[in-house]
Every structure is written in structure tokens, then in C-alpha cells.
Amino acid sequence: MRTVHDVHAAELPQRAEALLRDGHRLALIAAHHDADAVRLVHLFVSGPPDTRIELHVRLDPTRPEVPSLAHLSFPAGRFEREMRDLHGIVPLDHPQPRRLVRHFHWPRGWYPMHPDAGDPPAFGEQEGPYPFLAVTGDGVYEIPVGPVHAGLIEPGHFRFSVVGETILKLKARLWFVHKGIEKLFQGRSVAAGLPLAERISGDTAVGHALAYCLAVEEATGAAVPEQAQCARALLLELERLHNHVADLGMLCNDVGYGILNAHAQRVREQLLRLNSTVTGHRLLRGGVVPGGSALRTLPGPAQLDAVGDDIRDIVRLALGHSTVHDRFTGTAILRTEAARDIGCLGYVARASGLAQDARIAHPFTPHGQPGHVPVHAGGDVLARFLVRAEEIDASLTLIRELTDRVSTGAVLGPTAVPGEGPLSGVGLVEGWRGTIATRVELAADGTLKRVKPVDPSFFNWPALPVALNDTIVPDFPLTNKSFNLSYAGNDL
Amino acid sequence: MNTVGYAAIVLQVGAVVAGAPLLTGLMRQTRARLEGRAGAGVLQPWRDVRKLLRKEPITPVGTGPAFRWAPPVLVATSLVLAVLVPLVSTESPVRGRADLIVVVALLALGTVALALAGLDTGTAFGGMGASREMTIAALVEPTILMAVFALSIPAGSTNLPVIVAGAADEPARLTSPAGLLAIAALSVAVLAETGRLPVDNPSTHLELTMVHEAMVLEYAGPDLALVEFGAQLRLTVLLGLLASLFAPWGIATSASSLAAVLLALVLVVLKVAVLGTVLAAAEVFWAKLRLFRVPELLAGSFLLALLAVTASYFMGGEGGQ
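Protein chains in written order, with UniProt numbering: chain A, 1 to 492; chain B, 1 to 321.
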């Protein structure tokens, strides 16, 4: 299922190009500081059938340089910039040799993921100026927004270059929330890594925990009972449900239609309380554990039916309101080619005509597959709204099917024999935002040596400015909400 | 007559000042209840005023007189409006000055003062809000002028008390095509002037979508209290003007007895409260228009006002002259 190829740095671009041409996509690039070399892992995936191919490249630790893949794949270019900022590994001939992840005040030459990094130093001399591209012309002006916003949202700085009300260029500068999660994983036991994985992005507790557990189980060679896999699939859909409902409501709120938001938040609260009875936590923490699952109760079909009816009402009322429909239609169109080039995932991709879904491409249980993956080609806010509304229906159907296959209590597989497994593993999970990829490497004693989680937001963020070209400024909040990307998951 | 007339003015201004925050509170409470929320209570805007007045005044670095003077100018113009507009009595001592043009000019003065203040802050939001507000104001002020002008034709005067007194004597003027068109046009104009849905969303926290709020983002403490109070006064006065123009029944026309004035006061408070509640309830079912659709809406209301003027010219003979 997962194949590993050791390649020389010089042949990496050809190998990568061949894989990308065959329809694989780059899921992640992870750098490892081994004892004798710096090792890069390029993970390419495609499916169905579920295919995972890793290219391992060894670099000289004194001069870690690797030919850039940015000209082949846009996400590769982003991973390389992240790698340079965190590990000090230099991508050669990179078309955008600028920092990405680096915080403005990190001292020059300090790389937090480097083995010699030590404790975080005090803010120091910054690494060169990093000006915004100034758009000039008659009547062009700039609107700087953030990183501190008026609402309770995460920090991000947005620099709009605007003429009149039309956005000519938007630069999103994120990366204000580096928490050092990858570093925090190192040296933890598998069990101690789980709470960390659940907190990578708070609204995606199940998605990240599941990707982490799948990766760990592959690394240890642990077998998971089918019943537990179904329980995990069930939790994944419950998480999709409460996030989608909240966002549908907030989309209505952003066009001033507050009453539907009030009702959507009411439904979300019902779901959160249901979650609390299912796993003991409103955001579903604790339900997915390494080796299995732990459910307290199962959602009742009557309650789910009531929730489904309420949500369908909300969607019907929103789409039936001519002003709301008008605000959604044609707003911030992300074209299919752009979505494909950027490497978009999740509902953003599916609203731009790309039928990508890890539940189909990389299933961890045959029962967790939705019967129908909604895809719309419009690429506008309306398409993203519709995809999510339809996904709610698909999730509800799936939850009903899965409820019959699971049982409550801890369902765990046999304890893995230490040293049996391959010591590395990959988890691919369709979280509510899109495909989460987590790659884990274990030390010989079974502790975590390296965990590299990738939230779909990392792939989707660059699509937001592209979609906003020629959109008007007052439509930005609506567009941003229709993407609803994670800052925390993006900046680990 | 004079004492009663002055008493009417004092009562009117007192009611507007005390009632403006309450009206906003009532509208927010109505919306909250209709959305299934508990709401903060009708008194919340007054509590907000108290809270803001206790804070220290803060002026952003680099701002000048435009920023400092806009809140008092806004409140002052609104208070003058509260004196001039015939809400309680048409026989007040200032009736000679309550001209339509003066009222619209005072509204515009307050709007322009705030827009200048927004520009004065030098922030992108202030400028953006000011630019949007001016776009809207450029369409709203003529609409208000035209709509009231249509009503002034049968009265033969642009003096508001005369128009109101005439309509109170001859209700048929209001149900004429000109009157109905003017009602529609003026209602839309009032929505836009006071920054309500579907033109502006008064409850949004999204700074990029704001119109009125974007201009006043830099205000804090007592200045913010003044700006909010000014906006509440304008809403109250404009709703009161709507009530007086289109439902003038009960307004004191002779101003001989204090009882008539008091009755008129109670009635106008009721009318404005009902109007506010209806507006808040309607807003629950409205969404905010795309910014570039707002001019279409306002141009439509201007057209209605224009039709109203035309209609009152052509049908003037039937109107009662």
C-alpha cells in the first residue's frame, strides 16, 4: 500500500514529475534530522485505488540543499519554503525565495526544528525586510486589516490593494500562531501525542486525532477492529456535521440574515451536546484512541432526523431569500484550473468541480464511504454553501448506517508488539475541511521521533486571494467565511 | 399660546432625548426576541451611554478639529432637528423656521461632519466608510427632499408644520398616489440615512462591510457615546417625521391647551415605538444588499419620489386646492 523509494537529490525532480503526471498529488514533505544526514520525505498519494508513494532524499547535513519542485507543483513550493524557515534546508532555484512560516522577529539563523535550536530565543534582529508588494496606479489605496480583528477569530494580516471597492490584490500574511507542535510531539509516548493531535486545530479534533492514530497504527503494526474503525468514521461525520452547520449559519449572518444564524447555532448547540454524550467532550475529543475507539453512547436516529429537518429548513430558507441568494451567487469565484493548480482540498475543491475525497480515495474502513460526494462546478460562495449543505445530508445518512455497526465502550485491538512495525506510518483522513495527512516516525523505544501533520488549510489558504481577485471589499468577510480556513492548523 | 407652544417644544425635545436610546433598545430587543434570543433589555443603550461616559476620552494621534468636532456637531444638528420637526404640535414658536430645506440640510451637515471625521483619522477604514457614506448620502438627501416636496405641493409650502397640519386636516392627501409614492420613497431613504438593513448592518463586527460604523471606528469613551447618541437621535427624529407626515392624527394643531399637547406626545411616542418595532421585525427578514446594489435601491426610491412630485403636480386639482 505504501511504497518507499530512496532517490538521489539530483533525480528528485524527474521522479516527482513522473508521479505528478500519473495523477498523484503531493500530500506532504517532511524533513528529518537523522544522525548522519538530513532526510526529506516527499509523500505522493492518489486514489482510488489507495496509493501512497514516498520519495526519500538524503542531504548533506552541513549543506542541506535540494532542487526545488516549485515549478512542478505549487504546494511543493510552499512546503519547501516552510522547510527552509523551520529547518534551514535550502530549496535551490526556488521561484519565491521568501520566507513563509518565519515569524517576523525570530532571530536570524535560528531554525526551530533544527536539532540544535534549543529553547526559543528572545525576539531578535529580524531576517531582512519583507515589504508588501505595493500596487500603484490612479486611485489605488491599501487597506490593512488585522492581525487583531474585531471578532473572535484567529490572527491574520490581510493587505488589500483596492481601487474604489474592487480588490486588485490581496496579500494574506498569516503565521502569527506558531506553537511548535511538531517539536512538542518529539519524544512523547504515543498516548501522550494524542491530546496534542486533538488540539492541532480545535474544531478538527477527530480529524487530526484519527490521522495521527492511523499513522501510529501503521508504524506499530497494530490491528484495529472493524467496529472501532466504523466508530471512528461515525465520529468523523459528527465533526463534519457540527462544523458545517455553524458555517452555514455564519454565512447567512455575514449577509445580515441573522435569524438563520440564530437557528443554525441552536442546531449546532444540540449537536455539541450530543457530542458530549457520545464521547464526553463537546468537540468529540477522546473518542478516537490509538488502537481503537471509545464511545459512551450512540446518537439516536430520532434526534438526527430532527437535526436533519432543521438544517434542511435553514438551507431552504437561505437559498429562497433573494438577497441572500444574490449575495452568494457569483461571489469570489475559484475556477477549476486554479483550484487544481493550487492543490485545493475538501469542500473548496469540491465546490470548484474537483471530486476529491479521502473517504473514497484513502478509505480506512469500507463502511465509512459516503454514497454520494457532492460536487459543484461554480466555484463561488454559493457553490461552497451548496456543497456543505449537501454534505450534511450525506453525513447524516452515513451516520445512520454506521450506528448499526458500532457499539459503545472501549473497542481496542490487540496491543502491538514493540519493534514489530515499520516504525513509520501515514494517516490520510477526510476531515471536515479536507484531507488531513499525518506522517509519523517512531524511535526504536516506541516514542514519537517525528510527527508531521498537514491540515488542508495549508493547501487552501493560497486559493483565497486568487478567488478574491475582482471581488469587492465588502464581500471579503463572506468569502473568507465560505473558505473558513484554520490559522492554527496552518501554522503549527 | 406661547407658554403652551414652548411647553410643547420642551416636551418634544425631552421625549426625543430620553426616548432615542430606548427606541434603539426596543428595536434590538424586538430583534433578539424574534431570533429566539433573550436580548439585553430595552435599557441597554442607556447603560452603554453611562459606561462610555465614565471612560477617559482618547483621541488618535494626528487627528484634527474635524475628528474632535464631529460628535458635538452630530448631536447638535440632531437636537436642532428634534426642536424643528413637528412631532407634538404644529403651532410651536419655531414653526416659521421648520422648513423642509433646513431639515434636509441639517441632516446632511451631521452626515458630512461624520464623514470628515472618518477621513480625518487617516485610517483606511475611516476613508472607506466615509466614501461609502457619501455615495449613499448623495442619493438619500435628494430623495428626502423630493419626497417631502411632493407632499408640500398640495400644502403650497415647504414648511413642515404647514404640510403636517394640512395632512391632518385632509387625510385624503396621504392616500393619493402622490402621498403613497412619497411614503414609499421616504421610508427607503430613512432606512439608508439611519444605516439600517438592507443598506447597512448596524450589528455587524465585520469591519470591511461597515458603512456608518467604519467611519466611527476610532471613537472611544464619551466621544463614542455622543456619536451613538447622535445616531439614535436621528433615527428617532426621522421615524417621528415619518409618523407626523403620514399619520398626523392626534398632533396638536391649535396649541391652545396643554392637554392636547400631552395627548399628542403620548400618541407620537406610541407611533414611533410601533414604527421602530415594525422596522426591527422587518429587518429580521431582510438581508444586507451587496454594496453595489445599494445605489440601485436608492435610485429606485429617488424615482418613486420623482413620480410622487410629478403625480402631485398632475393631480393637484383633485388633491384639494
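Simulated from the structure, these hints should not be mistaken for laboratory data. Treat the numbers as computed from the prediction; the structure is a model and nothing was measured. Check each hint, because a few of them may be wrong.
Under 8 angstroms between C-beta atoms, here's a sample of chain B residues computed to sit facing chain A [stated by the list, open to error]:
1. Leu34
2. Met128
3. Asn201
4. Leu206
5. Lys288
6. Leu289
7. Phe292
8. Pro295
Glycine is no exception: its CB is placed at the ideal position from the N, C-alpha and C atoms.
These are the hints, each one checked on the structure:
1. Leu34: holds, 7 angstroms
2. Met128: holds, 7 angstroms
3. Asn201: The hint holds - Asn201 (chain B) has a Cβ within 8 angstroms of chain A, the shortest such distance being about 4 angstroms.
4. Leu206: Where the cut-off is 8 angstroms and the nearest Cβ of chain A is about 4 angstroms from Leu206 (chain B), the hint holds.
5. Lys288: With Cβ-Cβ at 3 angstroms, under 8 angstroms, it holds.
6. Leu289: With a closest approach of 6 angstroms, the Leu289 (chain B) hint holds.
7. Phe292: It holds, given that the least Cβ distance between Phe292 (chain B) and chain A is near 7 angstroms, below 8 angstroms.
8. Pro295: violated, 12 angstroms
The structure shown violates just one earlier hint, number 8.
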